[in-house]
Amino acid sequence: MKVFKKYLLIGSCWAGLITVGTGCQLVAAPEALGVRVTPEFIAMGSIYSTPYVQVQGNIAIGSKAVVTVTGPEVDEILQWKGRLGPVWISFDRVHVTGIPSVFLCFSGAPLDTFLNAEAIEEYQLNEYAVSKSMKCMVRCQCRERHIGIPAHYGFSEARCSGVRPTSEQEAFIRKNYLRLKEAEGTYGVLTGGVELGGAQEGRVPFFVRFPWPRKAPPAKYQVTVYECRDWKVLRSSSVWLNVSSVGFPATVEQMASAYPSLYGVLAVIAAAITGFGIDLACACLFGKNGAIKS
Amino acid sequence: MQVECGRLMWVFLPVAGVSINFLLLIGVGVCVGFLSGLLGVGGGFLLTPILMMIGIPPTVAAASGSCQIVAASSSGAAAHFRLGNVDPKLGAILLLGGLTGAATGVQIIKYLRLMGNADFIITLFYIVVLGILSGYMFFESVRNLRAGASRPASVAPRFARVLSRLPLQVYFPHSGVRHSVLTPFFLCGVVGVLAAIMGVGGGSIMVPVLVYALCVPVHMAIGTELFQLLFTSAGVTLMQASTNRTVDLVLALLLAVGSATGAQIGARVTRRLRSDYLKLLLACLVLGTMVRMIVSITVSPSNLLSVVKVR
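Listed in order, the protein sequences are those of chains A and B.
The number in our numbering is simply the position in the first sequence, starting from 1, with 23 added.
The number in our numbering is simply the position in the second sequence, starting from 1, with 2 added.
Where hints are given, some of them may not hold.
[Said to hold, decoys possible] Only some residues are given here: those of chain A computed to face chain B with a beta carbon under 8 Å:
hint	residue
1	SER72
2	LYS104
3	ASN149
4	LYS238
5	ALA295
Hints are computed from structural coordinates only; laboratory data are not their basis.
Cβ atoms here follow ideal geometry from the backbone N, Cα and C, with glycine treated the same way.
Between the sequences and the hints, there should be enough to build the whole structure, so can you do that?
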């Protein structure tokens, strides 16, 4: 028995050393923190208003919880305005990739009051840390229709026709890009967003409730909870939130991308029928010259 | 229950990727359609910024706006046709000229873009054109309204002599004018070039050109321009859908319901208004567009970056 305990101790030490040595993130199964997101699926149907999303779980007494929501990477072309004398003109096109389409971070207190800067950067817990993964090209001449086409179809960020920006330009783009995303509600850090409940069996339940961003596109979003203590992240666990268009909007979206010419013809026919139909209805209701029928 | 009712008023726009209150979209459509039926303008210059303001991406706003113009112009043109305000012969020539001009404009813009600050030069040029047209129309209609009687528009004698010597002279019975086929074709071609360069329908320029250069009565000019606009906007919608894939059918149809209704009201109000009032309204609208363009290039933007296209 003593021998068994000795080997168990040595094995645990090695496992610990390997974990620290490889620097791998401390990811726990969702059930470890009891993370649950409600609803798990957001259906964007014909009648859709942005719902409230709730994330809940539990952490050890004395720990702090940080909740992040991240979307898939963007592939965007931006217009850059500059001043020429008294007027503002568009003087460049910027191609941005490698940064999440949505980044929301919720915590009970300012992050720097319970986490050190290295941890914030390593786990990308604020907008600045997230923006470091951004890749951008200026003087981009890529045509709009090439955007979003995966690399195996012949287009990728690496094949962007633009040039790498200078460090000043990159810092400027990063700063303004974050402002743009904050303004549209897809980026944000909310201090005080995590609420804690009463302690039970050495654990404290927490929950976050927030309105889903209006401009968040249909995609698979990762909701991650970080348990923090002693200025570092102890462990984290993630669950997925699926946002998808369904019904008529899904059909329209699919048709617009799969059969664009047919979709265009249908759009013109539908618009013309609407126009002539309303004209006919008005002629029947109000008479041919606008006089109301007696 | 109240919340549920409120939620029912929101629709998801699949291509734009946002949800919007549909009553707001129909309301915007009614306002733009009213102006379209009243003054013969497509309203794209007004609609695109409004849609952008309520959260629609610019490319989707412009493309879906052109689809909405199909509905507004078909409704307005049909109402004007019934009222006897459409000259199909003149409309067909204008359409050919407009399409030729638009195709030329698309090629010109490629070269202008290579020159660098082309956008700035084009915007300035457009502001000057709008300023001259709206200023002339404004003062002429105010003078006529003060005098109490409107004078029919007439071409300057020297210009009229030149026009009468051109070949292929045709009488347009609906408009009551005689011109060479080349005149409306060329003038509409020039407007088509400008419209393609500026990315607008060109209705706000075409109606004054028909009234002042071709002496077409104002009511007839409005109806005929709507007739031409129906085909041009249909072409633009097809191109936008097949090339850029930015036409949002749900958005376009909601706007179309509003704008087609608004166009009917506008067309009926046109019939009851004196042509000088119509000219004055059109002058104010064109002046407003010019002021908006000046503001857009001189006021500091809230962010120097704006999204052109997103996956």
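Verification of the supplied hints:
no. : hint   : result
1   : SER72  : 4 Å, holds
2   : LYS104 : 5 Å, holds
3   : ASN149 : 20 Å, violated
4   : LYS238 : 6 Å, holds
5   : ALA295 : 5 Å, holds
In summary, the one numbered hint that this structure violates is 3.
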